[in-house]
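Residue numbers (the working numbering), protein chains in the order written: chain A, 1 to 297; chain B, 1 to 249; chain C, 1 to 641.
Rather than coming from a laboratory, the hints here were simulated on the basis of the structure. Hints may contain errors.
[To be verified] Incomplete in silico selection of chain A near chain C, CB under 7 Å:
(1) Y142
(2) V143
(3) A199
(4) K200
(5) L202
(6) V207
(7) H211
(8) P214
(9) N215
(10) G229
[Unchecked claim] The calculated lysine to aspartate or glutamate pairs, modelled on DMTMM-like cross-linking and capped at a C-alpha distance of 25 Å, are:
(11) C:K426 to C:E454
(12) C:K426 to C:E443
(13) C:K267 to C:E192
(14) A:K210 to A:D192
(15) C:K267 to B:E134
(16) A:K210 to C:E454
(17) A:K210 to C:D424
(18) A:K210 to C:D360
(19) C:K267 to C:D360
(20) C:K425 to C:E454
(21) C:K425 to A:D282
(22) A:K210 to A:E118
(23) A:K210 to C:D434
(24) C:K267 to A:E118
(25) A:K210 to A:E190
(26) C:K267 to A:D289
We put the beta carbon where it would ideally sit given N, CA and C, even for glycine.
Residues per chain are reported as follows:
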Amino acid sequence: MWVLVTASFLMIHLIPGDPVRAALGPTAPAALVAAKREEMGLDDPILVQYWHYLQDLFTGDLGTSIVSQLPVSEIVSQRLPATLQLALLAFLVAVAVAVPVGVLMGVLTRRGHGRRTELAFTTSSVVLGIVPDFLIGVGLVYVFGVSLGWLPVAGNDTPSAYVLPVLSLAIGPAAILSRIIRVEMVTVLEADFVRTARAKRLPARTVYLKHALPNALTASLTLGGLILGSMVAGTILVENVFAWPGLGSTIVSSILNKDYQVVQAIVIVYGAAVLIVNTLVDVALALLDPRSMIRED
Amino acid sequence: MSTLVFDDVTVQYGHTTAVDGVSLTVPAGQVVGLVGESGSGKSTLARAAVGLAPMQGGRILLDGAPVPTRGRNRPLQMVFQDPYSSLDPRMSIGESVAEAMPRGASRAERRAEVERLLELVHLDPARAGVRPSEMSGGQRQRVALARALAGRPAVVIADEITSALDVSIQGAVLNLVRELQRELGLSMLFISHNLAVVRYVATHVAVMHHGRIVEEGPTAQVLATPDHDYTRELLAAVPGTKPQTGTPR
Amino acid sequence: MRRWKGVLRTPLGLAATALTIGVLVLAVVAPILWTDEANAVDTSDILAGPSADHWAGTDNLGRDIFYRTLVATRLSVELALSATIIAVVAGLVLGTAAFLLGRRSGRLVSAGINIAVAFPGILLALFFAVIFGVGATGAVFAIGLAGAPGFGRLVQTLVAGIGSRDFVAAARVAGVGRVRILFRHVLPNISEPLVVNATISAGSALLAFAGLSFLGLGVQQPRYDWGRLLMDGISSIYVNPAAALAPGTAVLVAGLAFNLFGESVAKALGVGVVGGIPALPRVPAAPEAEEVAAEVHHQHDDVVLDVRDLEVTFPGPRGPIRPVRGITFAVRRGEAVGIVGESGSGKSLTALAVSRLVGDPGRVDASRLELLGTDLRASDSRAQRRLLGTSLSMVFQDPMTSFNPTLRMGGQLAEVARHHQGMDKKAALERAVDRLRSVRITEPQHRAHQYPHEFSGGMRQRAMIGMGLMGSPALIVADEPTTALDVTVQQQVLDLLAAIREAEDVALVLISHDVTVVGEVCDRVLVMYAGKIVEDLPAGDLATEARHPYTRALVAAVPDMDTDLDEPLAVIPGRPVDPADVPLGCAYAARCPLATDRCRAEQPPLETDAAGRRVACWHAGEPIDVEIRDREDVYEEVEAS
Ligand SMILES: Nc1ncnc2c1ncn2[C@@H]1O[C@H](COP(=O)(O)OP(=O)(O)OP(=O)(O)O)[C@@H](O)[C@H]1O
Ligand code: SF4
Ligand SMILES: [Mg+2]
Numbered sequence: 001m002w003v004l005v006t007a008s009f010l011m012i013h014l015i016p017g018d019p020v021r022a023a024l025g026p027t028a029p030a031a032l033v034a035a036k037r038e039e040m041g042l043d044d045p046i047l048v049q050y051w052h053y054l055q056d057l058f059t060g061d062l063g064t065s066i067v068s069q070l071p072v073s074e075i076v077s078q079r080l081p082a083t084l085q086l087a088l089l090a091f092l093v094a095v096a097v098a099v100p101v102g103v104l105m106g107v108l109t110r111r112g113h114g115r116r117t118e119l120a121f122t123t124s125s126v127v128l129g130i131v132p133d134f135l136i137g138v139g140l141v142y143v144f145g146v147s148l149g150w151l152p153v154a155g156n157d158t159p160s161a162y163v164l165p166v167l168s169l170a171i172g173p174a175a176i177l178s179r180i181i182r183v184e185m186v187t188v189l190e191a192d193f194v195r196t197a198r199a200k201r202l203p204a205r206t207v208y209l210k211h212a213l214p215n216a217l218t219a220s221l222t223l224g225g226l227i228l229g230s231m232v233a234g235t236i237l238v239e240n241v242f243a244w245p246g247l248g249s250t251i252v253s254s255i256l257n258k259d260y261q262v263v264q265a266i267v268i269v270y271g272a273a274v275l276i277v278n279t280l281v282d283v284a285l286a287l288l289d290p291r292s293m294i295r296e297d
Numbered sequence: 001m002s003t004l005v006f007d008d009v010t011v012q013y014g015h016t017t018a019v020d021g022v023s024l025t026v027p028a029g030q031v032v033g034l035v036g037e038s039g040s041g042k043s044t045l046a047r048a049a050v051g052l053a054p055m056q057g058g059r060i061l062l063d064g065a066p067v068p069t070r071g072r073n074r075p076l077q078m079v080f081q082d083p084y085s086s087l088d089p090r091m092s093i094g095e096s097v098a099e100a101m102p103r104g105a106s107r108a109e110r111r112a113e114v115e116r117l118l119e120l121v122h123l124d125p126a127r128a129g130v131r132p133s134e135m136s137g138g139q140r141q142r143v144a145l146a147r148a149l150a151g152r153p154a155v156v157i158a159d160e161i162t163s164a165l166d167v168s169i170q171g172a173v174l175n176l177v178r179e180l181q182r183e184l185g186l187s188m189l190f191i192s193h194n195l196a197v198v199r200y201v202a203t204h205v206a207v208m209h210h211g212r213i214v215e216e217g218p219t220a221q222v223l224a225t226p227d228h229d230y231t232r233e234l235l236a237a238v239p240g241t242k243p244q245t246g247t248p249r
Numbered sequence: 001m002r003r004w005k006g007v008l009r010t011p012l013g014l015a016a017t018a019l020t021i022g023v024l025v026l027a028v029v030a031p032i033l034w035t036d037e038a039n040a041v042d043t044s045d046i047l048a049g050p051s052a053d054h055w056a057g058t059d060n061l062g063r064d065i066f067y068r069t070l071v072a073t074r075l076s077v078e079l080a081l082s083a084t085i086i087a088v089v090a091g092l093v094l095g096t097a098a099f100l101l102g103r104r105s106g107r108l109v110s111a112g113i114n115i116a117v118a119f120p121g122i123l124l125a126l127f128f129a130v131i132f133g134v135g136a137t138g139a140v141f142a143i144g145l146a147g148a149p150g151f152g153r154l155v156q157t158l159v160a161g162i163g164s165r166d167f168v169a170a171a172r173v174a175g176v177g178r179v180r181i182l183f184r185h186v187l188p189n190i191s192e193p194l195v196v197n198a199t200i201s202a203g204s205a206l207l208a209f210a211g212l213s214f215l216g217l218g219v220q221q222p223r224y225d226w227g228r229l230l231m232d233g234i235s236s237i238y239v240n241p242a243a244a245l246a247p248g249t250a251v252l253v254a255g256l257a258f259n260l261f262g263e264s265v266a267k268a269l270g271v272g273v274v275g276g277i278p279a280l281p282r283v284p285a286a287p288e289a290e291e292v293a294a295e296v297h298h299q300h301d302d303v304v305l306d307v308r309d310l311e312v313t314f315p316g317p318r319g320p321i322r323p324v325r326g327i328t329f330a331v332r333r334g335e336a337v338g339i340v341g342e343s344g345s346g347k348s349l350t351a352l353a354v355s356r357l358v359g360d361p362g363r364v365d366a367s368r369l370e371l372l373g374t375d376l377r378a379s380d381s382r383a384q385r386r387l388l389g390t391s392l393s394m395v396f397q398d399p400m401t402s403f404n405p406t407l408r409m410g411g412q413l414a415e416v417a418r419h420h421q422g423m424d425k426k427a428a429l430e431r432a433v434d435r436l437r438s439v440r441i442t443e444p445q446h447r448a449h450q451y452p453h454e455f456s457g458g459m460r461q462r463a464m465i466g467m468g469l470m471g472s473p474a475l476i477v478a479d480e481p482t483t484a485l486d487v488t489v490q491q492q493v494l495d496l497l498a499a500i501r502e503a504e505d506v507a508l509v510l511i512s513h514d515v516t517v518v519g520e521v522c523d524r525v526l527v528m529y530a531g532k533i534v535e536d537l538p539a540g541d542l543a544t545e546a547r548h549p550y551t552r553a554l555v556a557a558v559p560d561m562d563t564d565l566d567e568p569l570a571v572i573p574g575r576p577v578d579p580a581d582v583p584l585g586c587a588y589a590a591r592c593p594l595a596t597d598r599c600r601a602e603q604p605p606l607e608t609d610a611a612g613r614r615v616a617c618w619h620a621g622e623p624i625d626v627e628i629r630d631r632e633d634v635y636e637e638v639e640a641s
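With these hints in hand, go ahead and build the complete structure from the sequences.
In structure tokens:
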């Protein structure tokens, strides 16, 4: 977290040239620029600035937008819920699809079974996994919004407006996740302890669900965590496709407007979200896997 | 011929002490067998000698001087357990052997030396260009021996060099080790968990337990009249030597 | 090189390769051919839909979108490749740093990489885009640097994998410097995965670039790449959808091409060339259980396991492979039978076949396979499962991996009783605790609540044996049960097996490559070579009375505590037989000092003598001249290979 905060502080200071001059435009009078710099404390030594920055951050003061003059914290809290909704829904959809599909595929394609099924599944999941979410978004907009006209393609006013953004965010991760789960499932089914379970002549269902599944999920989670983390960031592009009033569309417009205070704050929010997801994954891992440290004491 | 002396050597990994104040001498021209269960610190001691494990205390001396673990001159060489991972799959066996030779020789000299070494370990010198993937485990282990000898070592450490090999090949490698040792008068530290193997190749034996040497002496004597409880336990566990009684603890 | 050709063997690989080449060619020629068409402004025909003149319609200045998309290929690919180069170079530097620097600074670098990797690329790219400013150059650096941690981590993992191999240690011991090791040993061994991943990164960079340009943070007017075209197109998607779809498709095709090309190469290199293995023909269904029951038991009642002509077959690329080639033996109540042989002789497969655990695609055939008089060849039924689950118990080689790490020990034992003996949870657990006690595990009550990783290796192996005692086994099949254990622990496990055998009158099949172990524990020993039994003799006769040359060599090759120290050990020249290529005649002929022409032409049958011992050799019991063996020792393995 500290790394993140410091990095976003440095970000502004690494920008070549004068951020204030950049924000106010080349025609702004020199006096105004100087006043603004004074106000933001940009002329202080860098460590002093850093100290003030940390203090402000601690008290929830994220500064003021240089463009709209609104407090940044207000902008962020206005926009955050929409982004959260989008990310959470997509996350649920992705997991709800990926786990059963991955497990089923794993069982169907174990040990050279169902070579055709495997080829079809791998190919389609590779393709779906590679296509970036914003292109899926564009495709969905074209098919369901423009051609068929079934679903709205912008905003988040009606429940039906959620469908396309959530889908375009969820499809890629769901494909990758189910592929990971399948591979892990196939690997686990080859493991010695599954052979032991077979030697005990347990029914197939017990072997798959009780012995194989928890191990496959534990193994998938580490990689899966990274993917879930990337979903958080995926909102940035998807929001821009669907004009979703969240943080993602705000950060882009702020970058273009050189409104760096806002950019800085949103980068911190996104970074924190990724950190939280990773922490949650670690916790889940610890709960699932008895070998982890946390369970031991 | 050289004498290798471990003087109060300690190696720690984090909080665990793998080797705990070990003092051991490998006399010139002799083979010392080091036995003990897995995790007792045998390999760590060996790796410390060649500079692959960090030492927290003690000294390792070769003829009274510290063993060099930097630079090109390495009078201490090691043969590893797994012949499948100890040869670079992308290099021919000749290149692998040549790489370990001291610098400064001409191309022709190197070639001749590689041939001599391969011959020494009973491999056909014409096969110097072959890659390890085309060789059996026993053949690879011979290459590994040849590579160790290429550095013109005074002392060779052999770390479980037969345990990854199939029973039918083990014998050939053990024969070769004995033959080389006798012909070249090498000093040798021969690590194994198998007492019967150690008995066959080693003149002296040291028993390691929990990072310490618990017993040491001429092989025949230690095996006939073991002093330490752990040595007795080891001896009793050698399959084929013991009437079936004994209860696990 | 041959392996690279494997890429072209799969339809997906072929398509990906063709597309990748197509994209690269287009990147070179498109701007040369069509720049003028792409830039021609026609204000009278703006934002038009697709037509014969303009296949994908026109933009807000009336420029042809189809041509613009084609011309944009070069810039898109160029930018993506530049970004990839940055990512690869930075990644290589980061990834190898840990190897070159000492322990401490190395750890710092990898910690840094790990943190950076957790952050999604697009976030890093935005971060860098802010620093480098909006525009194409900024975006190249942004995407390149954003990709660096991922690539760095890959390099680091690969380097660490190679770096921990013994040949690197051997090079260090030989005095080879770190930098030299890196270039001579490490990088060549990881170059393939690196190239593959660089290709995949190029695909991802292309897509990421489109993303940034789409956001307006990448290429700026008047230059254009696919992302830029897409951004302009989507604003007019209701007027002319093709304006968004054309560049969108282009991005997609190119990105997929690079990605899939990389993946196909990875697959081809990783798995080698596998040209589809033909499946085995279906076996005629095993005789129905009832028929078999009618087939009279002309066996002694005390035969626990009766196996005749057991064969195990796997489909291979060049026809079926048969690692077990017709094995016949029986095990009586309370008897301990050992199976010895070299690695690959088919010991484990025999054990698995007997217990019906050979999985697909293997096939087991036998003219008889009976446990306690029940035919095991009959199809999988509930009754059969119960019989196998309660009367036959298996102990496997590696106690570390043979238990489910996520379940408690007690539960794993109790399962058996719950499924086959219909016990409830509590009763089953009680029995499990009792069984743990019976295999001499102290505090069984407490231990039953622990997970496998809390048990030591020897304890796990005992628990495994205890699991087999949940029912009332008539036969224990133990496949190398002590190979993974220390000598002292090995003795405890062997003692335990002997004690159980005595107390419960259980038969034991003990598989081992160690003749001394089998000799100590068993009554009778089966010696296997190349999937056949070559000798069957009382364990006591092993050391002195063995008649088959292979058995004799096996015994003499392993030093024991009585080996003569002045004699060289016996040596078995050559290599074991490859099951895919079994010679005519006696399989051992190529390595046998007694081999004659007859041996090479005719397979010796397994013949039983008056004492019930069996041996398969034309020259059984003939003396072996030691001198011959010693001479052959020189270059022996060369000859055989
Ligand atoms: N699933 C499989 N598919 C194809 N071949 C197999 C399969 N399993 C085993 N084999 C082959 O069958 C042969 C015998 O294998 P098996 O595991 O029975 O040998 P083993 O005598 O137990 O050897 P070890 O001492 O190494 O355990 C080997 O050549 C092996 O490659
Ligand atoms: S049959 Fe011939 S080749 Fe085979 S083991 Fe007997 S003597 Fe040797
Ligand atoms: Mg086996």
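Going through the hints against the structure:
1. Y142: holds, 5 Å
2. V143: Violated: closest Cβ of chain C sits about 10 Å from A:V143, beyond 7 Å.
3. A199: holds, 4 Å
4. K200: This hint holds: A:K200 lies near chain C, its Cβ roughly 5 Å from the closest one there, short of 7 Å.
5. L202: holds, 6 Å
6. V207: violated, 10 Å
7. H211: Since the shortest Cβ distance to chain C is 5 Å, the answer is holds.
8. P214: Interface hint status for A:P214: holds (5 Å vs cutoff 7 Å).
9. N215: holds, 6 Å
10. G229: holds, 6 Å
11. C:K426 to C:E454: holds, 23 Å
12. C:K426 to C:E443: holds, 18 Å
13. C:K267 to C:E192: holds, 11 Å
14. A:K210 to A:D192: Between A:K210 and A:D192 the Cα gap is close to 15 Å, so the pair holds against 25 Å.
15. C:K267 to B:E134: holds, 23 Å
16. A:K210 to C:E454: holds, 20 Å
17. A:K210 to C:D424: Holds - the C-alpha atoms of C:D424 and A:K210 are around 18 Å apart, at most 25 Å.
18. A:K210 to C:D360: Given that 25 Å is the threshold and the Cα spacing comes to 21 Å, the pair holds.
19. C:K267 to C:D360: holds, 22 Å
20. C:K425 to C:E454: holds, 23 Å
21. C:K425 to A:D282: Violated, at roughly 32 Å.
22. A:K210 to A:E118: holds, 24 Å
23. A:K210 to C:D434: Holds, because 24 Å separates the two Cα atoms, which is no more than 25 Å.
24. C:K267 to A:E118: holds, 14 Å
25. A:K210 to A:E190: holds, 15 Å
26. C:K267 to A:D289: Measuring from Cα to Cα gives roughly 31 Å; hence the hint is violated.
The earlier numbered hints that this structure contradicts are 2, 6, 21 and 26.
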